[in-house]
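> As you go down the protein sequences, you meet chains A and B in turn.
According to the UniProt record's numbering, the first sequence is numbered sequentially starting from 19.
According to the UniProt record's numbering, the second sequence is numbered sequentially starting from 19.
Hints may be right or wrong, so weigh each one.
In silico lysine-lysine, DSBU-like type, Cα no more than 30 Å apart, as pairs [said to hold, decoys possible]:
1. B:K287 to A:K309
2. A:K260 to A:K102
3. B:K260 to A:K260
4. A:K287 to B:K309
5. B:K287 to A:K327
Computed footprint of chain B on chain A; a stretch qualifies when at least three of its residues, placed anywhere within it, have a C-beta under 8 Å from a C-beta of chain B [claimed, not checked]:
6. 48–62
7. 126–140
8. 153–161
9. 329–337
Facing chain A, a subset of chain B residues (Cβ under 10 Å, in silico) [unchecked claim]:
10. R57
11. S122
12. A123
13. E127
14. G128
15. Y233
16. E264
17. A266
18. P283
19. F353
Simulated from the structure, these hints should not be mistaken for laboratory data.
Computed from a predicted structure; not experimentally measured.
Beta carbons: idealized from backbone N, C-alpha and C, even for Gly.
2 protein chains.
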Amino acid sequence: GAAPAVHAQAALRWRLASSFPRSLDTIYGAAEVFSRKVRALSGGRFEVSVHAAGELMPAFDVVDGVQNGAVEAAHTAPYYFFGKDETFAIGGAIPFGLNSRQMSAWTYEGNGLRLMREFYARYQMVSFPCGNTGAQMGGWMRREIRSARDLQGLKFRIGGFAGKVLERMGGVPQNIPGGEIYQALEKGTIDAAEWIGPYDDQKLGFNKVAPFYYYPGWWEGGLQLDLYVNQKAYDALGAEQKAIVEAASAYAHVETQAKYDVKNPQALKQLVGAGARLRPFPADLMTEAFKQSMALYDELSRKNPNWRKVYADYARFRSDQNLWFRFTEATFDRFMQSQRL
Amino acid sequence: GAAPAVHAQAALRWRLASSFPRSLDTIYGAAEVFSRKVRALSGGRFEVSVHAAGELMPAFDVVDGVQNGAVEAAHTAPYYFFGKDETFAIGGAIPFGLNSRQMSAWTYEGNGLRLMREFYARYQMVSFPCGNTGAQMGGWMRREIRSARDLQGLKFRIGGFAGKVLERMGGVPQNIPGGEIYQALEKGTIDAAEWIGPYDDQKLGFNKVAPFYYYPGWWEGGLQLDLYVNQKAYDALGAEQKAIVEAASAYAHVETQAKYDVKNPQALKQLVGAGARLRPFPADLMTEAFKQSMALYDELSRKNPNWRKVYADYARFRSDQNLWFRFTEATFDRFMQSQRL
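Build out the structure end to end from the sequences listed, making use of the hints.
Below you can see the structure in the form of structure tokens.
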């Protein structure tokens, strides 16, 4: 945990269960940044100890842990919990969804935080945005993917909810926590695996067992991470402590995206230098995946009223964002990316 | 100012001078968000009153105000002060520089904050990132710009440092605070004006006097705003108060970009509906502006050791960022922007 010297004097102590392994300073580190900021902002009177996946509970049990009060807080990727309700996925990332900046905009200044909190109240949780990975890579494949057909029968470790789209395309999604993927890929239990992007993927060593590195991770154009807080623990806080939780989480939110952006370019260079073969997904696969995703969202809107309410707002927002970003943002970025810098 | 009911009880009171007019809830609003968070995080024991441009001092005098201690803090666009030293501009935006996310990355997790603070120490100031506008639009023109030649003699209100590039291309840059641009454009004192983007520009009414709306704002791919704090005022804070200033500024940083992203799409639709004519800058103008910008940066690196030190790091960072963003981020965004959503 992040227990410091002043721990003994803290008036308030929380435990936070992360869904991530301690080895990933980026995604696991977000919770540590949160904890450090809470300590600093409270003058050491409010302490949050951070526990890696498996330390207090398995990676995918942290929502249960917060809901039943076993821990006061969790740091996780919301889409892991789509089995409880598909609406969880919208709080993290859905295929062909918002990018990192758009997701922050929906959360902080659109209706995102309000709608997701209304949903999370069913689980006795309050949510705070706490990091984003940016657009992820599409993962490591043992063999090349030349068309959508090559997904047939592919045993692919893929993050949570995206498996539902992969399934519709004939793939066989595998939901495996970060810390256990390498072994499965090495053993051949799975054919392919995506995790996050160059920096984390390099740490987990996937390039050693699967040479082809695909992009873009169309199912995670910007995975937002959440801090979940048990409702009773939150209600017990004073106004100042509530403000501390919110601000510490916002700090970790911006700092985590920054960390990914700083670390990914170097890692990508090293991976390519070590033989990783970068490949864009074929156009027919992208088109089919988009079509299947939209069909899935239509189905869910008919079947799940929670999904329908949140997705309707999210989809409108996504449409407006892409309209706006295509002008000055995209034109600027495209020009810069085509220069010799 | 933002003085609340509890003002009388605050143990610590700061005054903050903004360079922006109160009418702009986005860019002026960032300082108000900062102030609200400081109050909440301190339980009302630390108050920051926010003063619009002209209230305590003119828009472009706020660095002097912080340096000489007339106010404890300012919220401004760093490039306004390039006349003191061109290095200021790097802290805000330079032509063909970093985009919003890349600028946050350089600041929070690259060498940006450390290098800029080292530079700002000459002005007895400590800096905190406090908002970003995103990639700005290229501004409002009374007549169409068909090639780089059309910049010859153009009296163009353009943000701070970018005027140095415009000058090299034959234009006549005008540095005018936000609150005074409309009158100059209406009177015909200037031929063209850029301010920020659809939402702010619509508020200031530029579309009423100049029909052509250009993109991208290649001189502001992501203008980062700064909170400047007087060094002595900062040193007098306790550790908890220092953490509060940092976290409140980080909160305003992420919230301000979110506000722009939420508000710009609607404003763009309204402007186009009211007759604004969207135009991309011609390719020869972009190429020439890029060339002139790089030549300017080379000159400055020879003449100004402060610039040389900071720019060397910034340029390396920009190169790596554009390498990385061109893969998964750009491919994802381009696909999304080309869909019917």
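> Is the interface hint for E264 of chain B satisfied, with its Cβ closer than 10 Å to some Cβ of chain A?
Status holds, d = 8 Å.
> With a cut-off of 10 Å, does the beta carbon of A266 of chain B approach a beta carbon of chain A closely enough for the hint to hold?
7 Å, holds
> Under 8 Å between beta-carbons, do enough residues of the region 126–140 of chain A, three at least, approach chain B for the coverage claim to hold?
Three-residue rule met by the region 126–140 of chain A, so holds; n is 3.
> Within the assertion that chain B covers the region 329–337 of chain A, do at least three residues meet a Cβ-to-Cβ distance smaller than 8 Å?
holds (count 3)
> For a C-alpha distance cap of 30 Å, please report whether K287 of chain B and K309 of chain A respect it.
Holds: K287 of chain B and K309 of chain A sit about 27 Å apart, inside 30 Å.
> Assess, step by step, whether the Cα of K260 of chain B is no farther than 30 Å from the Cα of K260 of chain A, and give holds or violated.
Holds, at roughly 18 Å.
> Below or equal to 30 Å on CA atoms is what counts here, so check K287 of chain A against K309 of chain B.
The hint holds at about 27 Å.
> Do three or more residues of the region 153–161 of chain A come closer than 8 Å to chain B, measuring C-beta to C-beta?
holds (count 4)
> Take the C-alpha atoms of K260 of chain A and K102 of chain A, compute the straight-line distance between them, and say whether it is at most 30 Å.
With a Cα-Cα distance of about 28 Å, the restraint between K260 of chain A and K102 of chain A holds, given a limit of 30 Å.
> Does S122 of chain B pass the interface check with chain A, least Cβ-Cβ distance below 10 Å?
5 Å, holds
> Can you confirm whether the C-alpha distance between K287 of chain B and K327 of chain A stays at or below 30 Å?
At roughly 25 Å apart (the allowed maximum being 30 Å), K327 of chain A and K287 of chain B satisfy the hint.
> For the restraint on G128 of chain B, tell me whether the closest CB of chain A is nearer than 10 Å.
Holds, about 5 Å.
Hint check: no violations occur; every hint is consistent with the structure.
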